[in-house]
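The task is simple: from the sequences and hints, build the whole structure.
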Amino acid sequence: MLLYFVVYFFIGVKYLMTTFNFVHTADLHLGSLFSSTPEVAKERQREQLDTLKQILDMCTQRNADALLIAGDMFDSIRVEEDLLRDVKTLLSHYTFRIFITPGNHDPATPDSCYHGEWPENVHIFLGGMEKVEIPEKNTCIWGAGFTKSACDETLLKNFMPVSSRINVLMMHGELVDGENSDSRYNPISREALRRCGADYVALGHTHQYEHYEVGDFLYCYCGAPAGRGFDETGAKGVVCGYASKGFAYVEFYPLDNREYCTEKVDVSGCEGTEQFAGRIVTVLRDRHGEKFANNLYDLTLIGTLSGGVVPSLPDIVRRLKGSVFYTRLTDKTSTTLDMELLMNDSTLKGAFVRRIFDKMQADSRNRDKYMRALLYGLRAFEGDVTVNEDY
Amino acid sequence: MRIIKINIKCFGKLKDFSIEPTDGVNIIYGENESGKSTVMAFIKAMFYGLGTGEKRRQYEPWEGGQPQGSIEFESEGYTYLLSRTFGPTKAADRISLFDKTLGENVDLPGGMEPGAHILGINIKTFVNTVFIGQAGAAVEGENHEIIQKLTNLTSAGDERISKGEVEKHLKNGAASLESKKSTAILPELRKQKHELMESRLEIQKSLKETDELRDVVAAAQKKQRSLQKEKQFLTDTANRLAMQVELKEIDAIVEKHDALEAMEEKYGELDAFFNGDSSDGMSDFLESAVKLLDEEKSREVELKEKKKQLNALKKSSETIDSTKLAMVKVINKYSKEIVSAFERYDSLIAEKSEVEIALENSEKEERESNDFLLRTALCAAVVVGTLLLGFLFHWVFYVLGALALISLLAYFFVYKKGFEVEGVSDERISLNNINEDLRSLNAEMRPIFDNFSVRSMEEFDREYKAIGSVQKQYLDYKKQRDELKKEIDEVSDQLDDIRGTLRENLAMYHETQSNEEAYEIISRLRAMKQQYDKLTAEVTAARETYQFMLKERDYDALAARGQQLRGDINLEVPESFTAEKVNSKLEDTEKKLKEISELIIRQQTELSLKPYSPQDMEKAADEIKALTKRIEHYEFELEAINEAQAALDEAFHEMQLDFGPMINYRASRVLSGMTGQKYSSVFVSDKLVPTVAESGSSQPRSCDVLSAGTFDQIYLSLRLALSGVVADEKLPIMLDDSFAQFDDERMEQALAFIRQDNANGELGQTVIFTCHKRMLRAAKKLEMTEGVFRME
Chain A
1 MLLYFVVYFF IGVKYLMTTF NFVHTADLHL GSLFSSTPEV AKERQREQLD
51 TLKQILDMCT QRNADALLIA GDMFDSIRVE EDLLRDVKTL LSHYTFRIFI
101 TPGNHDPATP DSCYHGEWPE NVHIFLGGME KVEIPEKNTC IWGAGFTKSA
151 CDETLLKNFM PVSSRINVLM MHGELVDGEN SDSRYNPISR EALRRCGADY
201 VALGHTHQYE HYEVGDFLYC YCGAPAGRGF DETGAKGVVC GYASKGFAYV
251 EFYPLDNREY CTEKVDVSGC EGTEQFAGRI VTVLRDRHGE KFANNLYDLT
301 LIGTLSGGVV PSLPDIVRRL KGSVFYTRLT DKTSTTLDME LLMNDSTLKG
351 AFVRRIFDKM QADSRNRDKY MRALLYGLRA FEGDVTVNED Y
Chain B
392 MRIIKINIKC FGKLKDFSIE PTDGVNIIYG ENESGKSTVM AFIKAMFYGL
442 GTGEKRRQYE PWEGGQPQGS IEFESEGYTY LLSRTFGPTK AADRISLFDK
492 TLGENVDLPG GMEPGAHILG INIKTFVNTV FIGQAGAAVE GENHEIIQKL
542 TNLTSAGDER ISKGEVEKHL KNGAASLESK KSTAILPELR KQKHELMESR
592 LEIQKSLKET DELRDVVAAA QKKQRSLQKE KQFLTDTANR LAMQVELKEI
642 DAIVEKHDAL EAMEEKYGEL DAFFNGDSSD GMSDFLESAV KLLDEEKSRE
692 VELKEKKKQL NALKKSSETI DSTKLAMVKV INKYSKEIVS AFERYDSLIA
742 EKSEVEIALE NSEKEERESN DFLLRTALCA AVVVGTLLLG FLFHWVFYVL
792 GALALISLLA YFFVYKKGFE VEGVSDERIS LNNINEDLRS LNAEMRPIFD
842 NFSVRSMEEF DREYKAIGSV QKQYLDYKKQ RDELKKEIDE VSDQLDDIRG
892 TLRENLAMYH ETQSNEEAYE IISRLRAMKQ QYDKLTAEVT AARETYQFML
942 KERDYDALAA RGQQLRGDIN LEVPESFTAE KVNSKLEDTE KKLKEISELI
992 IRQQTELSLK PYSPQDMEKA ADEIKALTKR IEHYEFELEA INEAQAALDE
1042 AFHEMQLDFG PMINYRASRV LSGMTGQKYS SVFVSDKLVP TVAESGSSQP
1092 RSCDVLSAGT FDQIYLSLRL ALSGVVADEK LPIMLDDSFA QFDDERMEQA
1142 LAFIRQDNAN GELGQTVIFT CHKRMLRAAK KLEMTEGVFR ME
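Protein chains in written order, with this note's numbering: chain A, 1 to 391; chain B, 392 to 1183.
One should not assume that every hint holds.
Stated by the list, open to error - According to the in silico footprint, chain A covers these stretches of chain B (three or more CB under 8 Å from chain A): (1) 504-518; (2) 1014-1025; (3) 1039-1052.
Stated by the list, open to error - If you want a taste of the chain B side facing chain A, the calculated C-beta under 8 Å gives, among others: (4) ILE552; (5) LYS554; (6) LEU561; (7) SER567; (8) SER570; (9) ASP602; (10) ARG605; (11) VAL608; (12) ALA609; (13) LEU998; (14) SER999; (15) SER1004; (16) GLU1028; (17) GLU1030; (18) GLU1034.
What the hints contain is simulated information worked out from the structure, not anything from laboratory work. No experiment lies behind these values; they were computed from the predicted model shown. Think of the CB as a built atom: it goes at the ideal place given N, C-alpha and C, for glycine as much as any other residue.
What follows is the structure, encoded as structure tokens:
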């Protein structure tokens, strides 16, 4: 009797101690067009593969049991042959299991590349809820994939966790409150998710890392591993962690990628292109350290400039090319104006300034417009009026 | 404001230059390149800086070092000392403003220039107010430039500000954004946006079609999977059925094999009995015995048949007429008489027959003679009738009558024998004699006839023939009976011989007491032999069948295969599933599968040829968004420019109403004073054309026709008029050879007027820079002793 007890005790302990190590990523959007930064689109596309390799190497370093890719691995249903071949070749170089759920960008439509041949270590969830068992890790990987660009009904149906196993669920979709939702991207009710019985839920779709804990139950969006535009700013990375029966732990690991940054730079007092560029580099170095040069910046120039000084955005961008990977500029500088002096001017210019000032006071909501009108008017007194474009 | 002292430490060519102008009118004389302009530049730089770049380098001291100096000035009751050292950049300038009245430094807020801070005007206003040059100096002989300056002065308050130019700049700016020009930004952007939106619609439509096609393909693939499952099921079923068939065949072979083995076992026993070493010629014996038995049987049959024939013959003999048979004896008794009688009778009959024939021919000839006579008489009647007709009617009838006559004669000669008449024939007499002989014969045969109950030879002849027939019948029967009896005897003998031989032969194997016992034993042996033969045939047939079924395969391998199949067939196939049905269904399913697979390939090819992906849609949306942002940006800028334009118009209108008249009044006063009341007024018309009016004349004159000197007088008038309205306090006036175009008289008048105006407080401190000595002479003439300086 005692022997039985001891044996069962150790079996139970072993069962509870079994963990499933994973790396969770999503929304790689391989093959993106990078239409917002066309000048560096080709290079960024190449770097996406580097990012994937970085993730795969991380799996090896962390001795992960599996890599979970929760949707939108590709940016489109149609994948360039070269890219597809490179991805398959890359994945085939690793021995750990790779699980992929198609997302709204790369659904498993009849003409999807997911229906082709993939390396043996890759499993793709091509439709409704499906289960893959990893007995040696006492784990079931559950997944469901998009078959169209939109999925009005939740894919969470038919998820039936195996009580004796660690159940890891992976899906691409949108978290919603309540059962009814207008979401067209696999609406996943938070409540249903909490009750589903999974030990960990790996989600994809939201490009920002989001982490939710309900008791010991954990689910999270890993976010995109790399930004693709200025609406995806900040550090990007993957989620690494482990799941065991009734418990999961994850941590966000930023990847060494280029960041998209939207920032303002005060260029007050600058006069020539060199000064503008110098000021920008100095400010960016202060903010981002020596890695500043790798990033992509959408910069808004602010501050006040001496009368008649108009920053030449194309020239500044050209000058910055040697120092920063990518820069886009918007001019929101203002000219140093001594309104009192201008208002007291007895000439037509003074009369013009007073008129603008009167209008501004009468219609304060359009202050920006009148300030711009004032600027253009004063420039017209000096010479040609040119309209600066964002660059 | 007034300048108390100018102290230039080094600035351009000037070094350690100092001057203290008076409050009134000062004249600084110097030849060209003496530094007059440098002094004016120094004053400007001290109050508003040197600017950037080339301008800054222009006044670097000739002997090295940094430009520096100071100005002491008074403004609104306070005395200031402004010191400045100019660095290589504006930021490097060191400025010190010391309020001597309060004894403290004045802080300049936010890099503000001292001039702007103390005087409250910007550099341009300062320059336009303080420094006055000459109107025609810049462009000699170009009146329209001068007129423009005058217009600007009176309409905009600054000779360099032209409302038209400003307006043009704004309009150009606006036109670069919105106009019919191909370079205009907004129409091009809107066009691009429109094209992109059209393109997006097309992409949207294409994507919808693509999605629909994908649905169709997905449905087809679902159907394909269903068909594949069905095909798999049918293939499995067909395999199971084939296995069942194979198993059935194998089972049949096994069964046949087992049956053959049993048969061969039994056959072996019989074969050993009949052909084995201990059979002792049994087979040969049995073969001969069987032949004998067959022979016996056939003989028995033959005997039976013959007995049957004999009985039948006997039975048929019962029909022979015994009465007539009894009459044979009578015939035999009277045979001689009968034979003789028949000879006579036959002779008579033959003779009678001949006579009757002859008689018949004679009678026939007689009948023919009678017919000839009748026909001859008839022909003669025709001849006569014809001749009569010829006589009565026509001669033709004579011809016909002649022809009839010729015919009659011919007929007569041919059948003339008919006319031979004969008497009673001999035949009839002979016939009567014969009949008499016959009657006598009958009479002679009467006693014999009575035995046979006949009356004549004729009847007797019939009876005799009938008796003869019966006799012959009897004799035939007797002959046949004897032959049959003889044959029966022969067959019986043969049977005895056969049976004897059989018993004799059987005795070698089995002693028998009787033939019956021997027959029984032989029958049994025969039955055995028959069974053996039958079995031999059956075994041979079974072997052939077995070999046919086996088809040269190995039996053991087949048996093993049968065991394997029995294990493999794990599912029962419903009875309704026949191989034919399943194969037919399988064929049908494969056909459908092929069709749907081809359809899917076609549709997938079609899908791959679809030009757009959702990525294109997103790209278009991004581009539209970016374009929209740019359009909004430019529209905002355009609105701002338009707003500036509106404000400019309003400002100009305001100037026209308020500033213009005031300047006109002041300028008119100065011009009148400077020209000794030659001109009474100067003003700019609504059409922005400067005009002057001579004293006593109400007709204004356009400036187009004035001399350069008069232009300068008007210009100076306007500039002096303006200097009084720019700032709250009166600023010093620096006149840079403003009288160059004046003749001596006008110069004196102007200098006198300025001196007077200064004395009256209308003008502030005035400094006249000149390179003309006549100015010094004029000053001397006007007894201006103070404020005259010479620059070396």
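Structure-based check of each hint:
Three residues within the 8 Å Cβ limit are the bar, and the stretch 504-518 of chain B against chain A gives 5, so the coverage statement holds. Counting residues of the stretch 1014-1025 of chain B whose beta carbon lies closer than 8 Å to any beta carbon of chain A gives 5, which meets the minimum of three for the stated coverage. Chain A is given as covering the stretch 1039-1052 of chain B, and this holds because 7 residues of the stretch bring a CB closer than 8 Å to a CB of that chain, at least three being needed. Among the interface hints, the one on ILE552(B) holds; its C-beta lies about 5 Å from the nearest C-beta in chain A, closer than the 8 Å criterion.
For LYS554(B), the interface hint holds, the least distance from its beta-carbon to any beta-carbon of chain A being 6 Å, beneath 8 Å. Interface hint status for LEU561(B): upheld, as the beta-carbon distance to the closest one in chain A is roughly 5 Å, under 8 Å. The beta carbon of SER567(B) comes within 6 Å of a beta carbon in chain A, closer than 8 Å, and the hint placing it at the interface holds. The interface hint given for SER570(B) is broken, as the beta carbon of that residue sits about 13 Å from the closest beta carbon of chain A, more than 8 Å.
A cut of 8 Å between beta carbons decides the hint on ASP602(B): the least distance to chain A is about 7 Å, and the hint holds. Against a cut-off of 8 Å between C-beta atoms, the interface hint on ARG605(B) holds, since the closest Cβ of chain A lies about 5 Å away. Residue-level restraint check for VAL608(B) holds (minimum Cβ-Cβ distance to chain A is 4 Å; threshold 8 Å). Interface hint status for ALA609(B): upheld, as the beta-carbon distance to the closest one in chain A is roughly 5 Å, under 8 Å.
Of the supplied interface hints, the one on LEU998(B) holds, with its beta-carbon coming within about 4 Å of a beta-carbon of chain A, less than 8 Å. This hint holds: SER999(B) has a C-beta 6 Å from the nearest C-beta of chain A, less than the 8 Å allowed. A cut of 8 Å between beta carbons decides the hint on SER1004(B): the least distance to chain A is about 5 Å, and the hint holds. The beta carbon of GLU1028(B) is positioned within 8 Å of a beta carbon in chain A (closest approach about 5 Å), and the interface hint is therefore held.
The criterion of a C-beta within 8 Å of any C-beta in chain A is met by GLU1030(B), whose closest approach is roughly 6 Å, and the hint holds. With a cut of 8 Å, the hint placing GLU1034(B) at the interface with chain A holds, because the nearest CB-to-CB distance is about 4 Å.
Hint 8 from the earlier list is the only one contradicted by this structure; the remaining hints agree with it.
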